[in-house]
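K.L.:
Here is how the chains run, residue by residue.
2 protein chains.
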Amino acid sequence: MKRVIIVGGGFAGINAAKKLGNKPGFQVTLIDRRNHHLFQPLLYQVAMAGLSPADIATPIRRLLAQYDNITVLMANVDKVNPKEKTIECDIGTYEFDYLIMACGSRHTYFGNDQWEEFAPGLKTINQATEIRRRVFTAFERAEAAQCEHQQRENLTFVVVGGGPTGVELAGSIGEMCKYTLSKDFHRVKVKNARVILLEAGPKILAAFDDKQSERARKDLEKLGVEVRLGKAVTHIDNDKVIVGNETIETKTVIWGAGVVAGRLGGTLGVDQDREKRIIVESNLSIKEYPYIFIAGDQANFTGKDGKPLPGMAPVAIQQGQYLAKLLINKEKGIDVPPFKYLDKGKMATIGRKSAIVDAGSFKVNGFMAWLIWLFIHILYLSGFKNKLFVFAQWGWSYLSYGRGARLITGKKWRFYDKDMQNGVK
Amino acid sequence: MKRVIIVGGGFAGINAAKKLGNKPGFQVTLIDRRNHHLFQPLLYQVAMAGLSPADIATPIRRLLAQYDNITVLMANVDKVNPKEKTIECDIGTYEFDYLIMACGSRHTYFGNDQWEEFAPGLKTINQATEIRRRVFTAFERAEAAQCEHQQRENLTFVVVGGGPTGVELAGSIGEMCKYTLSKDFHRVKVKNARVILLEAGPKILAAFDDKQSERARKDLEKLGVEVRLGKAVTHIDNDKVIVGNETIETKTVIWGAGVVAGRLGGTLGVDQDREKRIIVESNLSIKEYPYIFIAGDQANFTGKDGKPLPGMAPVAIQQGQYLAKLLINKEKGIDVPPFKYLDKGKMATIGRKSAIVDAGSFKVNGFMAWLIWLFIHILYLSGFKNKLFVFAQWGWSYLSYGRGARLITGKKWRFYDKDMQNGVK
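Chains as they are written, first to last, in our numbering: chain R, 1 to 425; chain A, 1001 to 1425.
One chain only, chain R, in its complex shape (with noise of 0.2 Å):
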């Protein structure tokens, strides 16, 4: 009986491990951090209250109930010891005979974490439910705004990075101030929010090609979305975001700039790259280790064009099931090739209507790029009872213009500043 631990219960560990369930032979352990596996791709639809955290997030124990041979425990791991085999917990020390660690990426503010407090990234359901609450805030405060000056640096909405979860909520919020929101603040014009989105590279969407990149900027911009190119920023604060040499003032930032992998990778002592992530051999292993094997974001993969992998679910869901048909080839004795990564496109929206799709040959833009990004996402979320839910939100979102998940929650405040405590109204 092979003892495999599994760290990580995103998209390269879920498959994995549900490849591995009821095989004999196979003992596996799956340890999160969190009981839940998220439909990540999605979770800028939480951040911008259009679906509910359930609708993308399913209890990981409930996804590999039916697996006899596989123990789900919620636990934060603190160290591997790749000589001994072993993992430690907070909750003991657990041996294996294979390691498998999909541990995920995170936000990088590239050497500026004080900017963190002031715009947080989107990588997980507290991060998503603090951007909301920060985002429909901001709204409630121009609406109580005492002065000009509050009104519009409340209205000002500043996105950071124009990778897709960039693009994504810029858009988003572009949409909410043009159509949604209008009509339920009577004092403010909405209308007149100022959203927008910064890049330090000369496009944005960088994977894809120029024409299709400029299309998304375009759409973006028809949302009410003004796009700023090839500066960077240099400063963020409570009040501010400096970007070349222009400062705006806002109240709200969001961080979609860049991910460096999870930080246990660092403790097993072995090379990485400059994002954390650890360099693999062909099948995924450690060359030091050749029992641990690295996947999903965390995993520097080469891939055909001799630049690491993307950390893309498809290429994390590809690398999961690899490392499962691998151990159990593995164990029988038979030889299993190098991964290879089938490449089946690229896609990212923008809004409620327009997408962007590339599939190698087939490209397509507009509302009909946004169907297949609406069919593709529903398709792959998990469970068929989220699958149900999400398209039925989604649906009544579209022909309603509405946002059903508008709640301020978390954090008691009281969020005005005290030059706003002024005068009998």
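Hints were generated in silico from the structure; no laboratory data involved. The model shown is predicted, which means the values in this text are computed figures rather than measured ones. Any given hint could be a false lead.
Unchecked claim - Computed from the model, here is a short list of chain R residues facing chain A with C-beta under 7 Å:
hint, residue
1, S52
2, A54
3, R61
4, A65
5, T71
6, M74
7, A144
8, K183
9, P308
10, G311
11, A313
12, R406
13, T409
All C-beta atoms in this analysis are idealised placements derived from N, C-alpha and C, irrespective of residue type, glycine included.
Dock chain A against the given chain R, drawing on the hints supplied.
P.N.:
Showing chain A alone in chain R's frame:
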């Protein structure tokens, strides 16, 4: 133009506002410290992961968007100056001609505020998701436990208070242990969990007659809930509850035992009862200040039986509607008779297929009562979309025994005790 300020967007406040909406001669401002109206009777379903927060909460400004004479503000009200006819908020001071205070109630620990940390109450969305976090974390802890004692204390759930909320919570936990979760945990027998409902009085659901109360107790016991009557809790901490001379070792305590009215009422300087409710005249005004009205849980209004009306949604709804009518007629110089509560009955639910309904001469128990409970709650749930979705969620949960929203979110935690970190497994 009369300026009406409504403090509180609960059942009383929302209903008063709606009736004053687009009525000539009135300029209405509704202030709430939250942005959402909450359908409180179903809040326990959020705590028990049956529904998502957004299913039972709607943005207040959405509910009132169609009324041009209503401004909705999210703000904390600190003080009422009844003689000056002003209220002081964190966003400024506002003048009124009429004030409707409908600030609801909050939990009280009868002088033992130190218990709150260990035994949260259930009044807000944040509290509901906190209870959800604690309950489902306890199951996770039990699954990861390294000794029987830890397993047992994590699988013991104590609910304090045998009113409707306590009964709903205890019944739901019992039902989850018996049905929903048993397949998901492979190490621990969730069916062996203990659920204990503590009530200091001689019976649960004291507002009902002895026969119905007894029926509810039996239904709870069928779900595995131990009901303890007649003994008060004397101590609560992180590990245990002491009731009478018994010590119950537990990691999860939920408080549903007592409520007092919101703090703002105290700033008026008028008569309050022991539960901090303000004693009102027959038209819900305050004797000293006939232009200030109190509605909902915050009002002590003497009912037909000589006792104050209970803190229930129907009372709050009727009082809110009454006050709007009163003000409209007052401006026209028309006298309005005293407020009269039309008692349509009361109900309480126990788990997934039982309830008790008491509508005077019409009393019904069991599954039939549960269907009535279901129908009425969906009927009254605000907003067409929510109704539809809640109905669909329930249909699904009922058929699948599912708990779709089993997310552990909020706090970062390392929940395991020091003594769990031992031994290689």
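K.L.:
For each hint, tell me whether it holds in the structure or not.
P.N.:
Do the hints match the structure? See the list:
Restraint check, S52/R versus chain A: the minimum CB separation of about 4 Å is within 7 Å; hint holds. Checking A54/R against chain A: minimum C-beta separation of about 4 Å stays under 7 Å; hint holds. Hint status for R61/R: holds, given a least beta-carbon distance of 5 Å to chain A, under 7 Å. This hint holds: A65/R has a C-beta 5 Å from the nearest C-beta of chain A, less than the 7 Å allowed.
Nearest Cβ of chain A to the Cβ of T71/R: about 6 Å, under the 7 Å cut. The hint holds. Of the supplied interface hints, the one on M74/R holds, with its beta-carbon coming within about 4 Å of a beta-carbon of chain A, less than 7 Å. A cut of 7 Å between beta carbons decides the hint on A144/R: the least distance to chain A is about 5 Å, and the hint holds. About 5 Å separates the beta-carbon of K183/R from the nearest beta-carbon of chain A, less than 7 Å, and the hint is met.
At about 30 Å, the closest approach between the beta carbon of P308/R and any beta carbon in chain A exceeds 7 Å, and the interface hint on this residue is violated. Because the smallest distance between the Cβ of G311/R and any Cβ of chain A comes to about 23 Å, over 7 Å, the interface hint for this residue is violated. Interface hint at A313/R: violated, since its Cβ lies 20 Å from the closest Cβ of chain A, which is beyond the 7 Å cut-off. Because the smallest distance between the Cβ of R406/R and any Cβ of chain A comes to about 5 Å, under 7 Å, the interface hint for this residue holds.
This hint holds: T409/R has a C-beta 5 Å from the nearest C-beta of chain A, less than the 7 Å allowed.
Comparing the model with each earlier hint shows violations of hints 9, 10 and 11; every other hint is respected.
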